[in-house]
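Residue-level listing of the chains:
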Amino acid sequence: MDTLDQDVQQVFRDVFADDELNLTQEMTALDVPGWDSLGHLNLVIALEKRFGIKFAAAEISRLKEDGQNVGSLISLIRSKVS
Amino acid sequence: MVPQVDHLRELAGAFVVAPQAQLSDRWKQLAAALKAAISKGAIDDAAVALRAALQRAELDYTTARHALRLMHPLKGNTSFRSSKIRFAILGSFTTHQLLEFIDLFLFASGVEAEVYEADYGVSTQEIIDLESGLHEFRPEIVFLATTWRDGGYSLPSNAGVAEADAAVEEAARGWLSLWTKANADMGCQIIQDIFALPACRPFVNHEMRQPGSLGRFLSSLNRALVETAPPYVVLHDVDQLAATVGRWRWDDPRFYHQAKLPCDPECLVDYARSVSSIVAAQLGLAKKCLVLDLDNTLWGGVIGDDGIGGIKLGQGDPEGEAYLEFQRYVRSLRQRGVLLAVCSKNNHDTAMSVFRDHTEMALRPEDVACFMINWSDKAANIRAIAKELNIGVDSLVFVDDNPAERAIVRQLVPEVAVPELPADVTGYIRAIEQHRYFQTLSVGAEDLKRTEFYQADAARKAAQSSVADMESFLRSLQMTARIEPINSANLERSAQLIQRSNQFNLTTRRRSVAELTRLMENPDWITVTISLSDRFGDNGLISVILACQVGKALEIDTWLMSCRVLKRGVEQAALNHLLELARLRGLESLRGEYIPTSKNALVRDHYAGLGFSQIGEGDGGTTRWELPLGAASMTNTFIQQIN
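Those sequence lines, one after another, are chains A and B.
Going by my numbering, 81 is the number at position 81 of the first sequence; the sequence numbering is gapless.
Going by my numbering, 1266 is the number at position 266 of the second sequence; the sequence numbering is gapless.
Derived by calculation from the structure, the hints in this document are not laboratory data.
Quick caveat: nothing in here was measured; it's all calculated off a predicted structure.
Hints are supplied without guarantee of correctness; some may be wrong.
[Said to hold, decoys possible] For lysine to aspartate or glutamate, the following DMTMM-like pairs were computed, each having C-alpha atoms within a straight-line distance of at most 20 angstroms:
{"no.": "1", "chain 1": "A", "residue 1": "K49", "chain 2": "B", "residue 2": "D1025"}
{"no.": "2", "chain 1": "B", "residue 1": "K1260", "chain 2": "A", "residue 2": "D36"}
{"no.": "3", "chain 1": "A", "residue 1": "K54", "chain 2": "B", "residue 2": "D1251"}
{"no.": "4", "chain 1": "B", "residue 1": "K1260", "chain 2": "A", "residue 2": "E59"}
{"no.": "5", "chain 1": "A", "residue 1": "K49", "chain 2": "B", "residue 2": "D1270"}
{"no.": "6", "chain 1": "A", "residue 1": "K54", "chain 2": "B", "residue 2": "E1388"}
{"no.": "7", "chain 1": "B", "residue 1": "K1028", "chain 2": "A", "residue 2": "E20"}
{"no.": "8", "chain 1": "A", "residue 1": "K49", "chain 2": "B", "residue 2": "D1538"}
{"no.": "9", "chain 1": "B", "residue 1": "K1599", "chain 2": "B", "residue 2": "D1044"}
{"no.": "10", "chain 1": "B", "residue 1": "K1028", "chain 2": "A", "residue 2": "D18"}
{"no.": "11", "chain 1": "A", "residue 1": "K49", "chain 2": "B", "residue 2": "E1058"}
{"no.": "12", "chain 1": "B", "residue 1": "K1028", "chain 2": "A", "residue 2": "D19"}
{"no.": "13", "chain 1": "B", "residue 1": "K1461", "chain 2": "B", "residue 2": "E1580"}
[Said to hold, decoys possible] Selected chain A positions facing chain B (Cβ under 10 angstroms, derived; list incomplete):
{"no.": "14", "residue": "D14"}
{"no.": "15", "residue": "A46"}
{"no.": "16", "residue": "E48"}
{"no.": "17", "residue": "K80"}
Glycine is no exception: its CB is placed at the ideal position from the N, C-alpha and C atoms.
Go ahead and model the full structure; you've got the sequences and the hints to work with.
Written out as structure tokens, the structure reads:
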């Protein structure tokens, strides 16, 4: 886990109120209690604030689709901060 | 070991003053300590600290959501008495997050809200359908939340002035009829968002002059709503919120298309804070008095060291101009009814010489209702100011440039609101404005004259010390009272007094304009207002009594009075009037009730003092009293009644 992974993990812990949450690349919304559509919105808002980035409307929707996981979210963030 | 409550309060204080870079760490420390306190069952301590932390002017969405999670185990479980309100939100967008934040900030102001949210997009139906969940909920306040998309704009952009104005008029009539319906069926107060103008302007600079444009339509509609709104409707100025943060930011359409959020989610926090400040004002929780330090707060420099020629104030110097502008802002608050007090560590005569002799002072001695200039500690002086003005410590806002003084006051008098001030005087106004401390639902003649009332009080006190006995003092005042029912002319002032009075208030039942209007129309109810004048001036409307005929008794539901006119015989004059009314109706007795709160111990023996006998006792120290008409006699007062 590099710093960005850890920062993302901390945002997940804050948003989903779970200090024990350990992220893996393969995790999906189904693996994280509270990651429903409202949770997804809260996650996006918190990530935007934390990293000073903006997701496009299409990206926000796509992250919820099948086949998307924490890995794809993190690489999207990485592409925006670098 | 430091007692837990002090430790929590300290962490909350550190969070409130935290610079942006340390915000996240300080929040984590506070949140962890709050969580620990909650799990140990220290609910009251945690609630006090969370409320204190929420006084921070700027909060982000994620922190506010975290605060919500901490609030849930606290809300409704604290042992201190909170105001309660049933609050419903109706909107055409996703109102869920906004409502949660409103609930959070109401909690922060000491209000326990029971909340109701209409299903997405059915707000009009909920009002019209008498069987709806909204009607079942019986809201005291209905909040109609809007975005510009709800304005009902359908004009062709080449429409002429007549067509455009007719469309505006029709849209305004639609809202008016919705309000009328809601108020008639539910007797509720209404808060309605006016329309925030969109950032986008197809006509660019010409937008406001093009009759058929969306921008002109919405701004004309806003004006029409402001002009037609009845007193039970408060128009919430969302347009100002949007303009303040910037319209493109407010409008961020990503979250509207994604989740039907009305604005940038980060802006929801302040949106909620603004709405909750209106609800709090409705419940009498708005602040009443601004307490000001002097050196480096009202002028630059230290008068004791720099002398009257050396302090920075007035034209010709950028810093001096900024202090002058701050004074003008403070004076504008005074002119709309906020009381001013001075609390300064200084030599009294030296400091007063600035007020009297400095030609650039915008504030004059007569603008200030109470001066406390001495070397005692500020916490003690602030308590003395509250006592002198007869208002609660929790209605004070303390403004001081010195961070140490602010920290001490936060710690020792936590009820007082203490805004963080920037080091630079040019930021003072914003630092105070952000909090909406002096939120108000209406401004009447009484507000504009308030400081004069308090000054006349000081003159009366001086007269009192020169008169040997109470009776000759009262006689010397030459008091006259106008006693009349609540009517359309005094309705708003009556509602305001009901919202503001805490100390001389037997039952502390808050009633809105909407509820009062219903009581006025109900023949079982009697409404009484008293306005008092004397040779020092007009005190205005100072007492309200509401009573209901139940069988052969007149039950006094509400009896309240401004503390400015304590011990003048107004209570006796009011009792005489009530007895007279009861006799005219052929009733046999008056009944009263005292419901204790943290603030109304003053009137615990009110009914005993007026000759009532206790007939019962209820929960939480509530007492019930009765005075049979046969046992009552008219009391002499020194107040002449005029009509």
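Please name the hints from earlier in the document that this structure breaks, with their numbers sorted from lowest to highest.
Failing hints, ascending: 6, 8, 13 and 17.
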